[in-house]
Amino acid sequence: MPTFGSFALLLALALSGYTLLAGAVALRQLATGARGRVSPERLAETGRRAGIGSFVATTAAAFALVWAAFNNDFSVAYILHHSNRALPGPYKFAALWSGQEGSLLLWAWLLSAYGFVLRLRHKVDVKLTAYASAILAGVQVFFLLLLNFAAMPFSLVGGQVPQDGFGLNPLLQYPEMVIHPPMLYLGYVGFAVPFAFALGALMMRYPGEKWIHITRRWTMVTWLFLTCGIFLGAHWAYSVLGWGGYWGWDPVENASLMPWLTGTAFLHSVMMQEKRGMMKSWNVWLIFSTFMLAIFGTLLTRSGLVSSVHAFAQSSIGTWFWAFLVLVLGVCLFTYILQRDHLKAENKLESLVSRESSFLFNNLVLLAACFTVLWGTLFPVLSEYVQGNRVTVGAPFYNRVAVPIGLFLLFLTGIGPLLAWRSSSFRSVRKNFVLPLIAALVTAVVVIACGVRPWEIFTTNDQGSFYAFFAFVLGAMVVTAIGSEFMRGAGVISRHTGQSLFASVVQLTRRNTRRYGGYIVHFGVVVIFIGFAGQAFNQSKEQELGFKQSVNMGPYRIECLSFSQDSNANYDTEYALLDVYRGDKKVTQLAPEKRFYSASQQPSTIVANHSTLAWDLYVIYAGKNPDNGQPIIKIFLNPLVAWIWIGVGIVVFGTAVALVPNMTAALAASRNRVPIAAAEAVPARGGD
Amino acid sequence: MRGMSRIGRVLAVVLVAVLTMGAADTAKRYNDLGHKMMCACGCGQILIECNHLGCPDSGPMLDELRTALAGGASDNAILTAFEDKYGPTILAAPMFTKFNMLAWIVPPVLFLLGIAGTVVLVRRWRIRAAAVPAKPRTVEFQAMRERIRRETQL
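Heads up: the sequence lines are chains S and Y, in that order. First residue of the first sequence? That's 1 in the working numbering, and the numbers climb one at a time after it. First residue of the second sequence? That's 689 in the working numbering, and the numbers climb one at a time after it.
Incorrect hints may appear among the rest.
Among the chain S residues that face chain Y by a calculated CB cut under 8 Å, a handful are [what the hints assert, rightly or not]:
no.	residue
1	250
2	371
3	383
4	389
5	393
6	397
Each computed BS3-like pair below joins lysine-lysine, with the alpha-carbon atoms no more than 30 Å apart [stated by the list, open to error]:
no.	chain 1	residue 1	chain 2	residue 2
7	S	585	S	541
8	S	624	S	548
9	S	431	S	123
10	S	541	S	624
11	Y	716	S	541
12	Y	716	Y	773
13	Y	773	S	541
14	S	431	S	585
15	S	624	Y	786
Treat the hints as calculated values from the structure; they're not laboratory data. Bear in mind the structure is a predicted one, so any value in this text is a computation, not a measurement. Each residue gets a CB set at the ideal place from its N, CA and C atoms; glycine is no exception.
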């Protein structure tokens, strides 16, 4: 199997190389009118088919590695280091992306899969797809070069082959780790597709905005994968690392956040190009930056440039990534300089108080957030270069610098939809802002009445309450703004059709899925921010708990029922059984564990969590007292954490709605006999 | 005697209140400072959040922190002492000194400059169109209306 895998990788490289070369030659011939022995159309077609073949070959290589994991083929060094006989099946599958070489193979496979779909759908626009296909093949060649010559997943073990492997890192032996990395990679890799289309459109001076229409769904799906990947990672950290938090501002976490921020900015600003023919250069550079940041994130995790607990082992492939990054930047810059006159805006902004300028500020804030994260991630390297010593830039820095930017973004989320395209009159601004402002004021009073003291930031330097206060107030404002948008449109439909308000909301959403799906996403973002705000009120306690001893935390009483130890082929475990009471009523039983994995000789925490809408009772088995063997239990009461995961669900739902095509106005009118006047009244201030 | 006893009780209450306030203050400072430092074991976790089984560093470091707080040292003095002993990476964020100041200043300054630049840009771009009287409903008007509809609804 290792020989088969190595051969498949070599074949994939040859086929991708051919796709790149044949595509480039054919497109050059088409552009200049030159003719060779084979017509450019036929040459491009052979390139397309070779690209599809490259997907088959990369799939075969990935299959070979998974096969080796399932068959305990420890002659393959990668399998020896990332698997063992007792490892459960799903984690053997996950071994594919648990190490440097395997995860690069996953990158290459996902990229070839995206390329496969793109090449199958080439009839959308044959010429533009041919450009995009050649560019994707270029990226694929880079990854396959790495896999064939720098990070070979099928390297064999020298000498005697061990009977068992060293096992998978215990932190990765958690169900979410089977889906979190592929999701994240689907996001990272997926941005290569809109990047390829944007670069291709620029190279061929593609007229109009069709490339944006073609890539809109690609970009949204990619963005959704990245969002899910990031939050699955946060949930994994919360459930496995056992420190009571979900985001540690680690360089590797930051690496995933940066392309997400620029990708979000791109999703917003392309609307200005579609509607008004503006910001063409900006959009092209946003998607270029997003792709380059995805590559840069991969570089960060693999080069040893920054230290992180999540990073792969330091290796020489950093140089490869630097070279590739410089090459990509060079190609983008060269193409832009050559073709920049093609990106001239068709319109200009007409007012500071307009939807366009709100998008502009939204982009500015997202880029400021991205720069802050990049600056914080790279400052230790800069400090070492200038001062001769590294410093740590961790959570306190981001809490002070990035969180206010995030809150400003939340504020813009609220006001953007209330502004009209082109220009908003003072009267309409006043009319649209009254309700959200009232909601914000009422929430401010309620939150202060509930005991949140934002002014304590000036006396006790308590940033948590200050940020939480503004998150709640701005959240109320945004939700009211979104709600009033839905109600206004649905009210018109309801009045003219006699449908219930709910049915009208559904119909309204189906008429303009992108706009209202976007609002649902914004609502999800508010729910996530409320979840973040809860962090300001976290409580924790650590206590030794003997048999029948109990400890109080918030409204709960936790009583130790028993503590014991167990073992199986994969790990030894120590655990405590804890009964949780609220008043006199038993609400649940929790069993926090500490595992010690035999193969890797590493410990791991298994958190026990009782989650409700109000708070999580998060319990960790911290160890045992060596004198009496009694367990030491650490208990956190983390308010509103469940809101984060619910908010992500809403974001996923909203994105799915936005991906559904609009129900046409004609169909709607014929089915529901909506008068034309009513149909026109709904999107009166329209837009996304 | 009864009066003395009342004064004594009041004093005792005040003393307990002051001591408790101090204790609460110390606990808060312990928590704050524990969140401003990293564990030295290389786990990359905030000192007070380090949860490694048998971590060789977090326990002794937290003991040092308690001792320093009991000794009455200021927050800055404690942080500086830890930095001197364990190196600059022990602080979870750089202090506001010399070159490290840049870490804190650059993002907000660039953000503010960006806002100012955007406002200036929008003002320069803005077209101050004179009021145009409403046109009758001609073919051009319908075309214009269709264009507006297209531009304002996706």
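Here is how each hint holds up against the structure:
1. 250: holds, 6 Å
2. 371: Holds, about 6 Å.
3. 383: With a minimum Cβ separation of about 7 Å from chain Y (threshold 8 Å), the hint on residue 383 of chain S holds.
4. 389: Since the shortest Cβ distance to chain Y is 5 Å, the answer is holds.
5. 393: At 6 Å from the nearest chain Y Cβ, residue 393 of chain S passes the 8 Å test, so the hint holds.
6. 397: holds, 4 Å
7. S:585 x S:541: Distance ~22 Å between residue 585 of chain S and residue 541 of chain S Cα, so the pair holds.
8. S:624 x S:548: Between residue 624 of chain S and residue 548 of chain S the Cα gap is close to 16 Å, so the pair holds against 30 Å.
9. S:431 x S:123: violated, 48 Å
10. S:541 x S:624: With a Cα-Cα distance of about 16 Å, the restraint between residue 541 of chain S and residue 624 of chain S holds, given a limit of 30 Å.
11. Y:716 x S:541: Judged against 30 Å, a Cα distance of about 14 Å means the pair holds.
12. Y:716 x Y:773: holds, 23 Å
13. Y:773 x S:541: At roughly 29 Å apart (the allowed maximum being 30 Å), residue 541 of chain S and residue 773 of chain Y satisfy the hint.
14. S:431 x S:585: Cα-Cα ~50 Å, so violated.
15. S:624 x Y:786: Violated, at about 45 Å.
When the structure is compared with the earlier hints, violations turn up for hints 9, 14 and 15 and for no others.
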